[in-house]
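Enquirer: Residues per chain are reported as follows:
2 protein chains.
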Amino acid sequence: MIQEIPAQSLDPNEFIADRVSEIAGTVAGGTAVNALSGGVDSSVVTMLGHRALGHRLKTVFVENGLMREGEPERVIGLFHDLGVPVEIVDAREEFFRALAGISDPEEKREAVTQTFYRHVFARVVRESGARFLLQGTILTDIDETVAGIKRQHNVFEQLGIDPQAAFGYRILEPLVRLRKDGVRKVGEALGLPAEVFKRIPFPGPALAARVVGEATPARIEAVRKATAVVEKMLAGTGAFQYLAILHEDRMTGIQAGKRDFGLQIEVRCWDSLDARVAKPTRVPFEILEAIAASIVETVPGVVSVTYNIATKPPSTIEAV
Amino acid sequence: MIQEIPAQSLDPNEFIADRVSEIAGTVAGGTAVNALSGGVDSSVVTMLGHRALGHRLKTVFVENGLMREGEPERVIGLFHDLGVPVEIVDAREEFFRALAGISDPEEKREAVTQTFYRHVFARVVRESGARFLLQGTILTDIDETVAGIKRQHNVFEQLGIDPQAAFGYRILEPLVRLRKDGVRKVGEALGLPAEVFKRIPFPGPALAARVVGEATPARIEAVRKATAVVEKMLAGTGAFQYLAILHEDRMTGIQAGKRDFGLQIEVRCWDSLDARVAKPTRVPFEILEAIAASIVETVPGVVSVTYNIATKPPSTIEAV
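Chains as they are written, first to last, in our numbering: chain A, 1 to 320; chain R, 1 to 320.
Just so you know, the hints here were simulated from the structure itself, not pulled from any lab data.
Mixed in with the good hints there might be a few duds.
Treat identical chains as interchangeable: a pair holds within one or across any two.
[Stated by the list, open to error] 30 Å max Cα-Cα, derived DSBU-like pairs, lysine-lysine:
id: 1; residue 1: LYS58; residue 2: LYS258
id: 2; residue 1: LYS258; residue 2: LYS279
id: 3; residue 1: LYS258; residue 2: LYS225
id: 4; residue 1: LYS185; residue 2: LYS279
id: 5; residue 1: LYS279; residue 2: LYS58
id: 6; residue 1: LYS232; residue 2: LYS185
Keep in mind that this is a model prediction, so the values were computed, not measured.
One chain only, chain A, in its complex shape (with noise of 0.2 Å):
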């Protein structure tokens, strides 16, 4: 049982101090890697770890294809104006050949988790030589990974897994105890700009969790334009997190005249201090017009755009 650390009675100094001194104590004189996303977990991730190991922590950003639009080069960027310097691998391939075929939704976040951890990460970890790699995993993940609810990317020891027999490496998770709003409260105490700490979550298996059905390139470049039309929208709302999701299904439409069998996207918007429970987001119906405008604008084939009204539970903040 791990314990939780409120945020409202997290010392954010003290505790990162406390994960600095223990991540420095672990790794010894070695050498840590991890993975940066850009996401607010493994921001936090990567200045603990720079703080605690400077040189000898190696941060690599895996360019999968299943990022958000211009990530790879703002994600980059905003770490190297922190001095932080990070390596970009170009995995796409790899990660596009993993998903091909698949619709379910768990064989599609194993092939992301499988090709991430067994293939493109682990050659990275071999190659550095580090023998530790530091994590993002945070409270809920292992919450509702316990609970059945979903199979997260990150929490092989929690389901028994020894990642130094598996992987090769031994997994640190200094957040574990925090959920997303003590995260956040740390971000902004080690300095990082509230465009990271206060950014909305965003999943492992990053747009392959938003197509429903196979996730090819072309689905998660509709998916990615959607959710750059959606993000821009509703950033102004203050929600805890905000997506587009394209539909498996296909619907009637009109386009140039004619009808079309279209494309459908969803758009969840939801009010949440924790993920744990969520409700839609009232956003202003001109908000929510002019989003399916720029959606139906911007995403080709698109007919349909939906806004989802319904509570986590019984919905879930993502939909796969």
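We have chain A; now place chain R onto it with these hints.
Expert: Relative to chain A, chain R alone:
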């Protein structure tokens, strides 16, 4: 080219007198038959035919298993009160047999059309000995068929099919110069109760048009329950049309604390004058949230509910 009578220049009493004498003249001393679905178009046609022909009009209500909750009882009772006898034909098994295994929207429409015209209704007409069929086709149906937007169920003549040769009867379409707003004016003038002439449109293939994918009895029952919720809770909006759609895509959700790939229901509510163009109604979020909660509670297996925010075009009113 059919000449439109716009609602604003329509004199409903003159229109009724003209159509009644036309029908009486064409059918002469013979008999006619018509199918009443309970929608505004077929209700108005039933009243026109009853005025023109009295007992020489045989009106049947085909129970195809695809109707809304309580619909057969409601329609029969209502016309009984108006002094118009209606006969029920139970054809549920025949329709579900024809729909089994079919997912393509056009094939579903075709299966419903063929089962209705070639089998069930053709049998009714044959057994009745009638040579004339009264039908509620309106101008929008023809426009959309000609434009290739939608294959309507009641457009044989416009498609170049001779119903007399193909089906053994002649089709009369007294409403073909009107759009929906004109039909409503006529319905009011005919003395139909507001619940009928103000009734929101409902598609020919009924609830089969409200499920994406196969229209099995269980899936129709799910969308029937969702439709009852939506119609009850949106009746006060004054919207042109509102509906529930059962998707085929499965969504991740939480049922009894465990992950579950559940059903998604999409709610649509349209502001429109004549169905040619439409905008989503700005339904207050309190109502949208109450609809979602009620659907989740009422329809087993539903974990997600959405509201359509796109316009027509590029969407259509219905999804199939």
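Enquirer: Against each hint, give a clear statement of whether it holds in the structure.
Expert: Hint by hint, here is what the structure shows:
1. LYS58 / LYS258: Intra 55 Å, inter 38 Å, cutoff 30 Å: neither.
2. LYS258 / LYS279: Between copies, since 19 Å is at most 30 Å while 38 Å is not.
3. LYS258 / LYS225: within (24 Å within a copy, 32 Å between copies)
4. LYS185 / LYS279: within (23 Å within a copy, 42 Å between copies)
5. LYS279 / LYS58: Cα proximity of LYS279 and LYS58: none, with 39 Å in one copy and 53 Å across.
6. LYS232 / LYS185: Within one copy, since 24 Å is at most 30 Å while 46 Å is not.
Against the hints set out earlier in the document, violations occur for numbers 1 and 5.
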